[in-house]
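Participant: With the sequences and hints as input, model every part of the structure.
The residues making up each chain are set out below.
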Amino acid sequence: MAQRYFQQTFTNGMTLLGEHMPAMQSMAMTFVLPAGSSTDPADAQGCASVLSDLVLRGAGARDSRQLTDYLDSLGLQRSGNVGVHHTRFGCAALAARVMDGLRVYADIIRRPHLPSAGFDSARDLALQALEGVEDEPRQKLMIQLRQRHFPEPYGRNSMGRKEHLEKLDLARCKADYAQRYNPRGSFLAFAGNLDFAALVDLVQELFGDWQPIPEPTIVMSPPPGNYHHEHQKSEQTNIGIAYPCIPETHEDYYAARMAVEILGGGTSSRLFTEVREKRGLVYGISASYGSLKDCGSIMGFAGTSNDRAQATLDAFLAELRRLSAGVTADELDRAKIGLKASTIMSSESTSARCGAIAHDFFMRGRIRTLEQVKQAIDETTLQHVNDYLRRNVPGPFTIVTVGPRELSLPKLS
Amino acid sequence: MALSFRYAQLPNGLDIIAETNPDSYSIALGFFVKTGSRDEDPSVHGVSHFLEHMMFKGSAKYTWEDVNRIFDEMGARYNAYTTQELTSYYANVLPEFTEVALEHLSHLLRPALRTEDFLTEKKVILEEIAMYLDDPGHRLYESLMESHFGSHPLSRSILGSPEAIARLQQPQMAEYFTRRYGPGSMVLVATGMLDFDRLIALAEKYCGSWPTVNAPRQDIQPVCTSHQRKMSDPKLNRLYTMAMTPAPSAQDERRFAARVLSDVIGDCDGSRFYWAMVDNAIAESAELSFYPHDGCGSYYLSLVTDPDRGQQALDIGLKELRKVRADLNADEVDRAKNKMASSLVLQGEVPMGRLYTLGGQWIYNKEYRSLEQDMSTLLSITPRSLHDLIDQFPFDPMTVVTLGPAE
Numbered sequence: 001m002a003q004r005y006f007q008q009t010f011t012n013g014m015t016l017l018g019e020h021m022p023a024m025q026s027m028a029m030t031f032v033l034p035a036g037s038s039t040d041p042a043d044a045q046g047c048a049s050v051l052s053d054l055v056l057r058g059a060g061a062r063d064s065r066q067l068t069d070y071l072d073s074l075g076l077q078r079s080g081n082v083g084v085h086h087t088r089f090g091c092a093a094l095a096a097r098v099m100d101g102l103r104v105y106a107d108i109i110r111r112p113h114l115p116s117a118g119f120d121s122a123r124d125l126a127l128q129a130l131e132g133v134e135d136e137p138r139q140k141l142m143i144q145l146r147q148r149h150f151p152e153p154y155g156r157n158s159m160g161r162k163e164h165l166e167k168l169d170l171a172r173c174k175a176d177y178a179q180r181y182n183p184r185g186s187f188l189a190f191a192g193n194l195d196f197a198a199l200v201d202l203v204q205e206l207f208g209d210w211q212p213i214p215e216p217t218i219v220m221s222p223p224p225g226n227y228h229h230e231h232q233k234s235e236q237t238n239i240g241i242a243y244p245c246i247p248e249t250h251e252d253y254y255a256a257r258m259a260v261e262i263l264g265g266g267t268s269s270r271l272f273t274e275v276r277e278k279r280g281l282v283y284g285i286s287a288s289y290g291s292l293k294d295c296g297s298i299m300g301f302a303g304t305s306n307d308r309a310q311a312t313l314d315a316f317l318a319e320l321r322r323l324s325a326g327v328t329a330d331e332l333d334r335a336k337i338g339l340k341a342s343t344i345m346s347s348e349s350t351s352a353r354c355g356a357i358a359h360d361f362f363m364r365g366r367i368r369t370l371e372q373v374k375q376a377i378d379e380t381t382l383q384h385v386n387d388y389l390r391r392n393v394p395g396p397f398t399i400v401t402v403g404p405r406e407l408s409l410p411k412l413s
Numbered sequence: 001m002a003l004s005f006r007y008a009q010l011p012n013g014l015d016i017i018a019e020t021n022p023d024s025y026s027i028a029l030g031f032f033v034k035t036g037s038r039d040e041d042p043s044v045h046g047v048s049h050f051l052e053h054m055m056f057k058g059s060a061k062y063t064w065e066d067v068n069r070i071f072d073e074m075g076a077r078y079n080a081y082t083t084q085e086l087t088s089y090y091a092n093v094l095p096e097f098t099e100v101a102l103e104h105l106s107h108l109l110r111p112a113l114r115t116e117d118f119l120t121e122k123k124v125i126l127e128e129i130a131m132y133l134d135d136p137g138h139r140l141y142e143s144l145m146e147s148h149f150g151s152h153p154l155s156r157s158i159l160g161s162p163e164a165i166a167r168l169q170q171p172q173m174a175e176y177f178t179r180r181y182g183p184g185s186m187v188l189v190a191t192g193m194l195d196f197d198r199l200i201a202l203a204e205k206y207c208g209s210w211p212t213v214n215a216p217r218q219d220i221q222p223v224c225t226s227h228q229r230k231m232s233d234p235k236l237n238r239l240y241t242m243a244m245t246p247a248p249s250a251q252d253e254r255r256f257a258a259r260v261l262s263d264v265i266g267d268c269d270g271s272r273f274y275w276a277m278v279d280n281a282i283a284e285s286a287e288l289s290f291y292p293h294d295g296c297g298s299y300y301l302s303l304v305t306d307p308d309r310g311q312q313a314l315d316i317g318l319k320e321l322r323k324v325r326a327d328l329n330a331d332e333v334d335r336a337k338n339k340m341a342s343s344l345v346l347q348g349e350v351p352m353g354r355l356y357t358l359g360g361q362w363i364y365n366k367e368y369r370s371l372e373q374d375m376s377t378l379l380s381i382t383p384r385s386l387h388d389l390i391d392q393f394p395f396d397p398m399t400v401v402t403l404g405p406a407e
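Line by line, the protein sequences are chains A and B.
258 is the number that my numbering gives to position 258 of the first sequence; each next residue is one higher, with no gaps.
92 is the number that my numbering gives to position 92 of the second sequence; each next residue is one higher, with no gaps.
Check each hint, because a few of them may be wrong.
[Stated by the list, open to error] One-sided and incomplete, this derived list gives chain B residues near chain A with beta-carbon spacing under 8 Å:
hint, residue
1, Y25
2, K123
3, C268
4, G270
5, D334
6, A341
In case anyone wonders, no lab produced these hints; they're calculated from the structure.
Since the structure is predicted, the reported quantities are computational estimates derived from the model, not experimental observations.
Note that the Cβ used here is the ideal one computed from N, Cα and C, for glycine as well.
Facilitator: Pasting the structure below:
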């Protein structure tokens, strides 16, 4: 059988990853750079976001219009985003077109024009996006929750801060670009109908002489945590609850992951059953595991009418406390099949697999095969999950509410 | 990738269509029903969507807890949605769960509609309505549809108002279900890894006893006029502008050209709207989309701006619509086509991607179109096709609505 997974690191520190999916016509690519909100300059938060727009406004021999037109002519479905750790540029299309597109991304990443007029527009758009948050209570909630739960700088809003964006100038952006668009800490993942040897040659040609510089260090400081209420006149109160969890690389990870699925994953989960189905308190409610480097978290959300917000918060917290008493074999079986099915079905999508291998590499330093993931899920026993839950009582909680009235917290023993 | 199409019909009139993909790892199954908010009598506004929720509350044999547990036991990715014109219930599962998934989807389609569940779920519907009331884009869209379609049934919101939902009674929902849900008004669709002959046998086993229904749809044309409506809410920070104007219907062969044209003008990246107003930050977002309906269609324009730049952005958008006929060029048409072609390929590689397309196409047109056919039609579109389209649908009359902080 033809090899399915590939990994190669170049001398400048950049890594190339690949998953060959021979049945596909498409290929998906993601280029991951070590420029996330956590390494934004402390007084220029939002710089990575502005850069992620600005580098697309002309690169290499093409001006802004020519660049966009060429990428469009290749038919590339494109995305770009800035997270805690990284700036990511992604695309998907017929395999041959993605290979053509990589040449253009090399220009974007290594030879962007960073034009002055473009900077003004990119910064204006970043400020407008921040203004828009005020009209989106759920988005506002998640930004506040992350800020209060995660240690600085992990909790930063990747959209930046208004006062920093207003003071930002092009010279600062250019300096930051030179500092953080760096092969050390960068990686490039492909999934689909690929020829890895050809990719290695192309990446060597386009990036082989890209010189590394030292990655910036991060200084962590503890978050405020506790309960914060953000006043907003809205129809619903949005509730966010976060608490720490083990990182993905921990040996108990799958025990923790199963427990969260049981808590707030599918429609037979505890939160959905107790808070929505039985009481009708919410439409939206969920809990999920969040993964940052060396830092896991559980993030919960519920949206509820203002006059029922207290009842919803109480019910949510009650379910979190109840989890420590353990889960049943049936619940665990459902969590396992759900996760396995999800993993298998995602392997039908080149974009999903591209994201998965990139994530695996960043968290673990290597790609796990689908078989390895299925095995890890299968090997998780009921005893393991319940031992984990006994030893790891949910908490301490960071709670944020957005709505017209502050809520009160029940006594948490 | 070799996709192949099969069709069958049960004696009770249930259409079954499938597109097999031997390279898939899963099967996607769905019932698509030709009923939605436009088919409601005003006295039961919101019943289609509320009923969609109630379908998950159990049948004669199962409770809602059974339903939730059993679907999770399959590891199913499952859900439902209601539009103005169709309602769909679907599940994506590993192939070994084909029978149990079809069995339980078919149970969903024969709901018990227990009064206790009805009363509890009413609260969930009200929560959903409240959630969307906090979304200015959604609020404005509902106002746009109301303004644009006037007395036509497409003007009504899908969720219904809190008052209408509060008033709704279980017998009204049961009557609506009995009248509108059944072979004759629905299709069973399957895509991915499947055995069609086995699927027919399973459909006969689980759906063969369902009574046929005849649920016609009122066939009237909307009367559209050009008008504007301004709304304000001092809590908001941004200005939202939306507009709607007639376009080809879901049956119209010009609908493919309409998709291409709307992308040329208003795709989120690289379009005329993008260069005219987003690239230079006049607007945060500026899009034109094509929404085909049963017997009529719309182009939908949407802008988000600073409150004091809304008029400027709208003027730019309208100017682009006026001048595109004269200065449309082949390159921009090719670029839009190339992006759409990629989208078709990517969608085709995933069973759920094809499920939505097949189901929608059957409900609207009783027709199957292969990926190759869609690709071929797309590639045949020329600037001339778009000129003809603009002449026939000249972005007029147009309804414009805005929602922002100022009076």
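Participant: Could you run down the list of hints and mark each one as holding or not?
Facilitator: We went through each hint and held it up to the structure:
no.	hint	result
1	Y25	holds (5 Å)
2	K123	holds (3 Å)
3	C268	violated (10 Å)
4	G270	holds (4 Å)
5	D334	holds (7 Å)
6	A341	holds (6 Å)
Comparing the model with each numbered hint stated earlier shows that hint 3 is the single one that does not hold.
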